[in-house]
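Protein sequence lines correspond, in order, to chains A and B. Residue 1 is where the first sequence starts when you use the working numbering, and the numbers rise one by one after that. Residue 1 is where the second sequence starts when you use the working numbering, and the numbers rise one by one after that.
Note that these hints are calculated values from the structure, not bench results. Given the structure is predicted, the values throughout are model-derived calculations rather than measurements. There could be a bad hint or two in this list.
In silico DSS-like pairs for lysine-lysine, Cα to Cα no more than 27 Å straight-line [to be verified]:
no., chain 1, residue 1, chain 2, residue 2
1, A, K184, A, K232
2, B, K121, B, K43
3, A, K16, B, K334
4, B, K334, A, K153
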Amino acid sequence: MSLLKIENLSASAGGKKVLQGLSLAINAGEVHAIMGPNGSGKSTLSYVLAGRPGYEITAGRVEFEGRDLTTLSPEERARAGLFLGFQYPVEIPGVNNVYLLKAALNARRKAQGLQEVDAYEFLQLVRAKMKLMQMDESFLSRGVNEGFSGGEKKRNEILQMLVIEPTLAVLDETDSGLDIDALKVVAKGVNSLRSANRGVLLITHYQRLLDHVVPDYVHVLARGRIAKTGDKSLAIELEKRGYDWVLEVA
Amino acid sequence: MTIALPTNRDENWRYANLRPLAKARMERAPASPDRNRKPLDRKLAGFDRWFFSDGHFVVSDQSPEARIQLLDARKAGESFAALLDSDLATAGADFTLARINAARGDEVLQIELPDDSPPLKVELVYSAATPAANGTSYPRVQIVAGRNTRLQVVEHQLTAGDVDVAVNAAFDIALRPGASLDHVRLQDCSNAAAVFDTLVAHVGEDAAYRLRTVTLGGLTSRSTAFVRLAGRGSRCEFTAASIANGNQTHDMFAEIEHRGAGSVTRELFRGIANDRGKLAFNGKMIVRETALDADSDQSLKTLLTGNGAEAAARPQLEIYTDRVRAKHGATTGKLDEQMLFYLLSRGLDRPTAQALLQWAFVEDVISQIEQPELRREIENRMLTRLHAVSSLSGLLGERA
Numbered sequence: 001m002s003l004l005k006i007e008n009l010s011a012s013a014g015g016k017k018v019l020q021g022l023s024l025a026i027n028a029g030e031v032h033a034i035m036g037p038n039g040s041g042k043s044t045l046s047y048v049l050a051g052r053p054g055y056e057i058t059a060g061r062v063e064f065e066g067r068d069l070t071t072l073s074p075e076e077r078a079r080a081g082l083f084l085g086f087q088y089p090v091e092i093p094g095v096n097n098v099y100l101l102k103a104a105l106n107a108r109r110k111a112q113g114l115q116e117v118d119a120y121e122f123l124q125l126v127r128a129k130m131k132l133m134q135m136d137e138s139f140l141s142r143g144v145n146e147g148f149s150g151g152e153k154k155r156n157e158i159l160q161m162l163v164i165e166p167t168l169a170v171l172d173e174t175d176s177g178l179d180i181d182a183l184k185v186v187a188k189g190v191n192s193l194r195s196a197n198r199g200v201l202l203i204t205h206y207q208r209l210l211d212h213v214v215p216d217y218v219h220v221l222a223r224g225r226i227a228k229t230g231d232k233s234l235a236i237e238l239e240k241r242g243y244d245w246v247l248e249v250a
Numbered sequence: 001m002t003i004a005l006p007t008n009r010d011e012n013w014r015y016a017n018l019r020p021l022a023k024a025r026m027e028r029a030p031a032s033p034d035r036n037r038k039p040l041d042r043k044l045a046g047f048d049r050w051f052f053s054d055g056h057f058v059v060s061d062q063s064p065e066a067r068i069q070l071l072d073a074r075k076a077g078e079s080f081a082a083l084l085d086s087d088l089a090t091a092g093a094d095f096t097l098a099r100i101n102a103a104r105g106d107e108v109l110q111i112e113l114p115d116d117s118p119p120l121k122v123e124l125v126y127s128a129a130t131p132a133a134n135g136t137s138y139p140r141v142q143i144v145a146g147r148n149t150r151l152q153v154v155e156h157q158l159t160a161g162d163v164d165v166a167v168n169a170a171f172d173i174a175l176r177p178g179a180s181l182d183h184v185r186l187q188d189c190s191n192a193a194a195v196f197d198t199l200v201a202h203v204g205e206d207a208a209y210r211l212r213t214v215t216l217g218g219l220t221s222r223s224t225a226f227v228r229l230a231g232r233g234s235r236c237e238f239t240a241a242s243i244a245n246g247n248q249t250h251d252m253f254a255e256i257e258h259r260g261a262g263s264v265t266r267e268l269f270r271g272i273a274n275d276r277g278k279l280a281f282n283g284k285m286i287v288r289e290t291a292l293d294a295d296s297d298q299s300l301k302t303l304l305t306g307n308g309a310e311a312a313a314r315p316q317l318e319i320y321t322d323r324v325r326a327k328h329g330a331t332t333g334k335l336d337e338q339m340l341f342y343l344l345s346r347g348l349d350r351p352t353a354q355a356l357l358q359w360a361f362v363e364d365v366i367s368q369i370e371q372p373e374l375r376r377e378i379e380n381r382m383l384t385r386l387h388a389v390s391s392l393s394g395l396l397g398e399r400a
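Extracted from the complex, chain A is given alone in its bound form (with noise of 0.2 Å):
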């Protein structure tokens, strides 16, 4: 079943194009991973997809398990199971992690139709998460993100993930900014989510990551659109040869 479905999608942010024609399908079970350039479109169409204001879309169709996902607002999204996981999540004094996670987690439970998480089943819940994510239990009381470590901040981006369980995580470089051991944490809680009716697309800028995370698909982005595609191999040889050969041919 397609999880995913973009089709000619074309959007600008700030009155500039970046995105121009882009089409692509993510099925469940899948693991797809964007690479490309900088300035080529990836955050942009991470953005696009989560509803973030200031980001348009002027042509195309996306649609999310048959819906139409440009009518739905940023939180209907969230809900309806899509999570991004930010490249720079933001600091967030005086929310603490705890409150954040339980509520995002009972938003997503709700619109399933699903009761809200007692406190003890939640507690039950995240403390195993965190184990994963080899976070300390002292997280849960700091503010979201506030004083965290660039990997602390990517950790704490999975560990929303794991509690939320939603169907589609787009992860914008998640792996930007971490130290190997980190990156094989971060890896194992993406690992952990993989299922057959769930759906991962990874942005990322190098092919470390998908040594950990090995992805059915990897596609180019350039010039605002998929211009190459193929599996892990690509990769792999985009690491070899940088992306000029693929703009090329584009």
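Based on these hints, arrange chain B on the given structure of chain A.
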């Protein structure tokens, strides 16, 4: 006797809404039928509690204690005048309301801790119920904390029902060398009330005055504070939060004067103006020639969330010595769009996300209130003011 009220033409009163007070009957409010009602059914652990209605003393559950007394206003005024620098206590239009308080009120609660006496905790509950057309409440408190004493005072300024009371309160504080006062003030009167107060604090050598004040109620509210850091090494933490909704006006003026060498101020203000609410914080910091190596830090931030909301955060510095560290910052802004989108992207609905960010904005003030049960009460009252009781109901339970 007639004493003219300040007007918006007076430099330090530009943002105040004085009309409701001007319309109020200036005579002291009569004791109201409400005076036997206790709006707070819980007492803070370890605190003596004094309850006043329309400025009249009603009841106290004070443990046997000679250090708190109810005095005749004139007598107390005379004894107290000697304690404060005369120029501070009598100068200018800024003290007009305090003078009216002294002239009209006839009871003063005096808290006097002899030198080196044991710590004391006092909770003061002021409830007003008499409409402004029938009179004004004049609560007055005078504190003298002797050498090396420690005092905690919690003040609640409330109304019994949605009534348009007028309150003109005065608070005089003298801290002897080495004394410390932790002072928490909560003003959560009705949105029809006119609530005015004048606070004067004289802080001696190595003494510390810590004020945490939260202003939520009143059609109009104005706090005027003068803190003199007179002694070497004296210290003031002036921390204030305010939420103005609807057509509320909250105005605060705080002058902190450094006279003692090495005196320290930390001033923090966080205010939110919703709807057509108006907020002003005027923080004046004076560093005299004698205040060598004084250290002052002001952080004033206001948040505008309503289309008709207005806010003014104004730091002022007057420095008369070179050896000083004075830092100040003031901002007025809207909700951070990045933060808002982040919360929305996690599935929180927009009103909840907005309320949560407003909450976060003032939380660094509230988190400084040490007594957990009091902090919880203030947080609950704030959530009510943010119209977020239901959407953020789990918030307090999730605190670490």
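Here is how each hint holds up against the structure:
{"no.": "1", "hint": "A/K184 <-> A/K232", "result": "holds (18 Å)"}
{"no.": "2", "hint": "B/K121 <-> B/K43", "result": "holds (11 Å)"}
{"no.": "3", "hint": "A/K16 <-> B/K334", "result": "holds (26 Å)"}
{"no.": "4", "hint": "B/K334 <-> A/K153", "result": "holds (25 Å)"}
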